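Protein chains in written order, with my numbering: chain A, 624 to 1049; chain B, 6 to 164; chain C, 21 to 204.
Heads up, a few of these hints could be off.
Straight-line alpha carbon distances no greater than 25 Å define the calculated DSS-like cross-link-like pairs of lysine-lysine that follow [what the hints assert, rightly or not]:
#1 168(C) - 813(A)
#2 976(A) - 168(C)
#3 976(A) - 932(A)
Looking from chain B toward chain A, a few residues come up when the C-beta cut is under 8 Å (computed) [as the list claims (entries may be wrong)]:
#4 38
#5 48
#6 71
#7 99
#8 114
Derived by calculation from the structure, the hints in this document are not laboratory data.
Bear in mind the structure is a predicted one, so any value in this text is a computation, not a measurement.
Idealized CB from N, CA, C, for every residue including glycine.
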Amino acid sequence: MSVAENEVFLGGRDWETLHARTDDDTLIVNMGPQHPSTHGVLRLVLELDGETVVNAHSVVGYLHTGIEKNAEVRNWTQGVTFVTRMDYLAPFHNELGYCLAVERLLGIEAPARAQAIRVMLGELNRISSHLVWLATSGMELGALSVMLYGFRERELILDIFEHVTGLRMNHAYVRPGGLSTDLPDGSIEKIKEFVELFPARLDEYETLLTDNPTWIERNRGIGILDASTALGLGVTGPLLRAAGVPHDLRKQAPYCGYEQYDFDVPTDDAADCLARYRVRIAEMRESLKIVEQVANGLPGGPVMVDDPKIAWPARLTLGHDGLGNDPGYIRTIMGESMEALIHHFKLVTEGFKVPAGEVYVPVESPRGELGYHVVSTGTNKPWRVHTRDPSFVNLQAMPVMVRGGLLADVIATVASLDPVMGGVDR
Amino acid sequence: MGLEEHLPAGVLLTSVEKFVNWARKSSLWPATFGLACCAIEMMATGASHHDLARFGMEVFRASPRQADLMIVAGRVSQKMGPVLRRIYDQMPEPKWVISMGVCATSGGMFNNYAIVQGVDTLVPVDMYVPGCPPRPEMLMEGILKLHEKIQKTPLVAKA
Amino acid sequence: MPAALLDVLAGVRERFPEVVSEPEEAFGETSIEVARTGLRDVVAYLRDEGPFELLADWSAVDYLGVEPPERRFLCAAVLASVRHPARVRVRVFIPQGDEHCPSLTGVWAGADALEREMFDFFGIRFDGHPDLRRIFMPDEWDGHPQRKDYPLGGTDVAYRGAFVPPPDRRGQPSTTSGYPGRLS
């Protein structure tokens, strides 16, 4: 990649010198990091010639949390709670990728029921993430009611998550070896209710937006990213699929039993913002299909692997005083078996040891390929947990997509990119 | 603060105070300062299910010059600290700050090189709302307590 | 290992015999180790002759204390394909004291931000990168945070009369408060 004479790369300090190196007619505008339309703390530095964007640079790092370094000082199970907060709109996918990587190092596989529940909750997460994308995109383009509709449906999904995992966001539910607890009573009914109700709501959004002349004018032909540019930049997810490439990790290299479910991978040829809109709406329908299939055919069995050296020892139940350790289990470890108590104590405080090795496990998150490069040196703490976040890599496509367009189209383009700054900055 | 400058010091003005504080608390306009996961819960609080509009707060002003409440929602990194302070300074008086979530309150689970351990090291905080992330109802409780605090604020400093 | 991948790896070993090692298989994943000098050519060959159109990951690991100093940093690229499920990891080891690596931005433009991240966190300079600057930490930050000799940072947390240090310094005397490390 060569740098032309008049191209400058901007950081915090270059702000003062940029003027000296650019054309006098060019206006340099800073958008963010505090801005309602930049999807979080993204800073965009735009060089404008009137309303036309001559060049754009993104400055990230305003949400850098040091999660990868934190994971190196905590044990493997505690890593789940850190990793889940990276891409905060798709916490199940973060946890799933990490746990699949740890399980690959351990050489175990989660039981079938755990895998099916992981798929079901992951697809519900995909729907809720796309709903936030729809809500914020609509709001940024001026369709304020779409914001309220998107969050209305998202509340239903968050209700399901709260019922199953205890939390609305950042659940720490998927653990290495399986899940932390089984589905409580009434979960499948709640999920089936949602599956009944959601297609009609999706039809409502489509009625409002898909043939709406304003929506089409603001999205058609905007932010074009063709397939070869996308592949050169490493872009994956709905952006790549809207450029015509049917690349989906759930089909290419299925994990967690995805090969058993019947679903399509929607693609579009136009490679503009409208195409990405259509792809994401279609993805929501496909995810709903998968959720319905899992809910109707959920296998029985345990949700945690059988190995006592790895499986989380606590048995959680809903007792008379709330959720806590099962009283029968407490009686065993406190009253009857010293070994069980020691085992419980060691597993909870120290954690399990993972054999030495290096793996890279990708999953298909709502934004693209979310990969975990996990290195272990045989101890109870990870040596390195690196996340290949899709938003981070996809954001490199932003300058290509907005160059030559208007300032208002920058908003539409960044909205259709759907970056989540927690994942970008980690 | 705007009104206070025009009032004589040392004079007790109970009904004016009550009225002014009621007006101030009933239409607190938040500045959008959503950073991370808590921002999504803040948006959910402003959405239709947990409606913030019933408290007069659904207008999240993008410009800090038009806002009186800054809800710091999310983890504040070292790079973001100066930006936070800048936005706070740009808000006109009277202004309040709610620190939403444990990351803003104390650094949360991220006790490391990258996160500012509590925004009260940068801006004065009026209400701390714990949680990771706090439920919309918890944020509303924090906001309502802040309303009570504003209602009880004396208008004029005692001479 | 799928046949297509076997052919490509055999081809790359034939073409660049002195820089490419035998492919290793571990945990179901195939990796090859490449010497620094031949990295860009090998990766370009894999992109052109193999099915690998996508750079899936390009990240670094600091093996301080685990590997000898001339193999302290590992830079690993994972190449993927949209046509084929095969993946290959290309490993290159960077010695301590001479942290340079050829940049992959000439092969994939998307390596840009990933290399800036490795520079920011590990201090590895990528030769040929158009604009190597910090990306996450503030520009004036000192040090490279994800190296193993860089502390986690953070402050001691006051709790019920004691000061609990951040997780990488538990059990050691506190450096920011007078807490001796243990209560008794």
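Structure-based check of all given hints:
no. : hint            : in the structure
1   : 168(C) - 813(A) : 47 Å, violated
2   : 976(A) - 168(C) : 20 Å, holds
3   : 976(A) - 932(A) : 9 Å, holds
4   : 38              : 6 Å, holds
5   : 48              : 7 Å, holds
6   : 71              : 12 Å, violated
7   : 99              : 21 Å, violated
8   : 114             : 7 Å, holds
Of the hints listed earlier, those the structure fails to meet are numbers 1, 6, 7, in rising order.
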